[in-house]
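Fit chain C to the known structure of chain X by using the hints.
One line per chain: the protein sequences are X and C, in this order. Going by our numbering, the letters in the first sequence line up with residues 122 to 551, in that order. Going by our numbering, the letters in the second sequence line up with residues 122 to 551, in that order.
Hints listed in this document are in silico derivations from the structure and should not be mistaken for laboratory results. Among these hints, one or two may not hold up.
A pair holds if it fits inside one copy or across any two, identical chains being indistinguishable in the list.
Stated by the list, open to error - In silico lysine-lysine, DSS-like type, Cα no more than 30 Å apart, as pairs:
id : residue 1 : residue 2
1  : Lys210    : Lys525
2  : Lys525    : Lys185
3  : Lys210    : Lys229
4  : Lys349    : Lys133
5  : Lys229    : Lys525
6  : Lys163    : Lys133
7  : Lys349    : Lys147
8  : Lys366    : Lys349
There are 2 protein chains.
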Amino acid sequence: MESESGSSVSLKVFNLNCWAIPYMSKHRQVRMQHLGDLLNQKNFDLALLQEVWSERDFESLRQKLLPNYTWAHYFRSGFIGSGLCVFSKHPIQEIFLHTFSLNGYPYKLQHGDWFCGKAVGMVVLEICGILVNVYVTHLHAEYNREHDSYLAHRVAQAWELAQFIHHTSRRADVVLLSGDLNSHPGDIGYRLIREWIGLDDSYLETQDFQGCEDGCTMVPNNCFVSSKEMESFPRGVRIDYILFKAISGFHITCDALTTTTGSGPNDTTGHSLPLSDHEALMATLSIRPAPIEHKRNFTRDPEAQASLMDVLHEAWTEMGLGLAGARQWVYSTGHLLSLGLLLLFLGVGTMLFEDIPWVAEALFMVLGVIVLIGSGALYLTSLHESKALYEAQAEIELAMEMAKEAQPEVVELYTNPPLIRTSVRFKVKQ
Amino acid sequence: MESESGSSVSLKVFNLNCWAIPYMSKHRQVRMQHLGDLLNQKNFDLALLQEVWSERDFESLRQKLLPNYTWAHYFRSGFIGSGLCVFSKHPIQEIFLHTFSLNGYPYKLQHGDWFCGKAVGMVVLEICGILVNVYVTHLHAEYNREHDSYLAHRVAQAWELAQFIHHTSRRADVVLLSGDLNSHPGDIGYRLIREWIGLDDSYLETQDFQGCEDGCTMVPNNCFVSSKEMESFPRGVRIDYILFKAISGFHITCDALTTTTGSGPNDTTGHSLPLSDHEALMATLSIRPAPIEHKRNFTRDPEAQASLMDVLHEAWTEMGLGLAGARQWVYSTGHLLSLGLLLLFLGVGTMLFEDIPWVAEALFMVLGVIVLIGSGALYLTSLHESKALYEAQAEIELAMEMAKEAQPEVVELYTNPPLIRTSVRFKVKQ
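Pulled out of the complex, with its shape left as it was, chain X reads as follows:
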């Protein structure tokens, strides 16, 4: 509920990755009911949800929350949906969706990320005359931290998300990003987003935190979390966030942050069943007017700027590794395509000889078609991957060029070697 005391505005924000996959997530319907009860009872200003994969679940929740959350939107994308939705007490003035260019591989059926339209959803609210741009997102899952084959995709998504917010929030007084970043606080994805947009982390900013140790949002104590998954992280991991910033003219702080705490009788939810395999985040933010500052773009404190350059360089490098892999796949599957064509020709060729049994002909043809279709699909996937990573790298390169040009003194503080470019795409002013 929004409360106004003097000129300060309070904003209560709820975030949860709901883990609501029809037929697969345990106790899904009961948990969604509990979630509805909690949201009605606690009366937040905004509830930002991820992994609501069924539109029916959204619709049931919407019906239940209607008396308290008059505005709602479910972001539709991909084949299954984005899983993202927003419930708001305050009128939603505008909505917009940006689907990420890269999102896993179609042949990784067991992971399934490719089939969801992973995206960033944006809603624009006006709260007591303050223009708030709210972003909700969910980045690609991390299935194996040691051998993370999706790292380049996740970093590219993080960059796309950061760029989207950077370019669409120019008129906003307050920017709010919440969701499951599938990145630990030390990971490049999280740091890239925070550094490029200049966002604060509610967990790090608040003086009043209650919840899981270290602010974790996936904990071994939660009965839906596999203990094997948490082997390397006995306290759990922090991968869900509420991040914010205020543009010049406003100041924003996090007065309090609470998380749910896994299984067992739960003060926050009132039930012993956890709401999800992730913990919910509940932040109370306070927005108040501040003096307007006039500063040029990119002119940050030199150390902060050097740190941004380091992060950009690291992201660029990760994408480069992904790009090298994708190009290798383009090359290999290109060869497989030729093999498929050869098999087809052989199938046709054998028809000319009467003494070759028709089974051999058919085998060549069927094999040829299978190899052609399979390698064709893989070729296209890798081609798309390489294009998207190349584009993201180009954007980052330009960002670094511009930052260096604006503050050449930063180059001295910048610890990384100069970029070894795969191709010079930008000619810097001579």
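Chain C in isolation, oriented as in the chain X frame:
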């Protein structure tokens, strides 16, 4: 070349759909060379190109133009690329790419749009202290005007383009959109873009026009244009545009607009071979400071607002027709999927009976797999199509709600019946 006289800044902009498909477009390499010569000779500030499908062509052009156009970017997306690129005399400060959610069907191999990553590319320039957001785009082709199966896709793209510009240009002083919209001036796509962003059309605004009759950009006189295609349009069609607006604080006008004029000895290019199957647009724009206006969002002149409402309603309806079609496909292909499963089960079932020949078993299995894969792919395509159209409709509905709420008097002028919603997604403030 930028020229500054007093406080007015002149901007020379070039736009062309290059029709540069490797192995398919006639005289591609010669035409690209001529294009390079022309761009070097005429010294534009900005050249915005579409259908440069080969990155090698871009690279050759970049090398050739380097002395005059120091900055360049090719937008990479999809499997083939976006075909979009920008050459600029002025430093490119930022780049960003938004790929459209919908872009034809993968099984329409003969059209191929699906394989390109049709998108809107954005570059941010600072010219004499004026922040210019430049957008280049290419919407889905129109293959059959009478039975246009891609209309809903093109309208959804137009809306996404308009939304992207609307949200990313908040800090810009000047907005420039150029490209091949594949929409005639009366078409809903063109009107939607112009009305939602408030763009002016250089052809309609200029007092000094030279070129094809009616400003057409595809003319029967061009030897690469099939006369059959132009049967219904003896003068040609206008589908390529340079559109612009200035944000409060600046005023922009189009001093002159020229197009190339098809085949024959050509004063503009100096060659008899046309540059492309499209005509090039060359605009001289003039930007000068203007008094700052303070006005609320959505408060337009009531008649303009009613006209916007009409356009939004028309776009919503077109998308609704597309959505109904997509849902029908989801339904039908869902049934086909069941048939595929049935065939597979039959194949497995026949194995239990020894007197059934193995050929019959194999036939059931192969047929089952083919039907499953085929209908599965079609099912996913239609599902994705319906999600994207639904999302675009929801955004438009909200835009109409907000406009009506801001200016209720417009409702009287608004000639269309109220929206019949497929589902109530937004609860208006009670």
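Right, here's what the structure says about each hint:
Taking identical chains as interchangeable, the C-alpha atoms of Lys210 and Lys525 lie at most 30 Å apart only when they sit on different chains, with a minimum of 20 Å there against 43 Å within one chain. With identical chains, the CA atoms of Lys525 and Lys185 are at most 30 Å apart between copies only, with a shortest distance of 27 Å across copies and 52 Å within one. Taking the shortest alpha-carbon separations for Lys210 and Lys229, neither the intra-copy value of 39 Å nor the inter-copy value of 45 Å comes in at or below 30 Å. When the C-alpha separation of Lys349 and Lys133 is checked against a cutoff of 30 Å, the pair qualifies neither within a copy, at 34 Å, nor between copies, at 63 Å.
In this assembly of identical chains, the alpha carbons of Lys229 and Lys525 never lie at most 30 Å apart, being 40 Å within a copy and 46 Å across copies at closest. In this homomeric assembly, Lys163 and Lys133 come within 30 Å of each other (Cα to Cα) only inside a single copy, at 9 Å, whereas the closest approach across copies is 58 Å. With identical chains, the CA atoms of Lys349 and Lys147 are at most 30 Å apart within one copy only, with a shortest distance of 18 Å there and 61 Å across copies. In the homo-oligomer, the alpha carbons of Lys366 and Lys349 never lie at most 30 Å apart, since the shortest distance is 36 Å inside one protomer and 58 Å across protomers.
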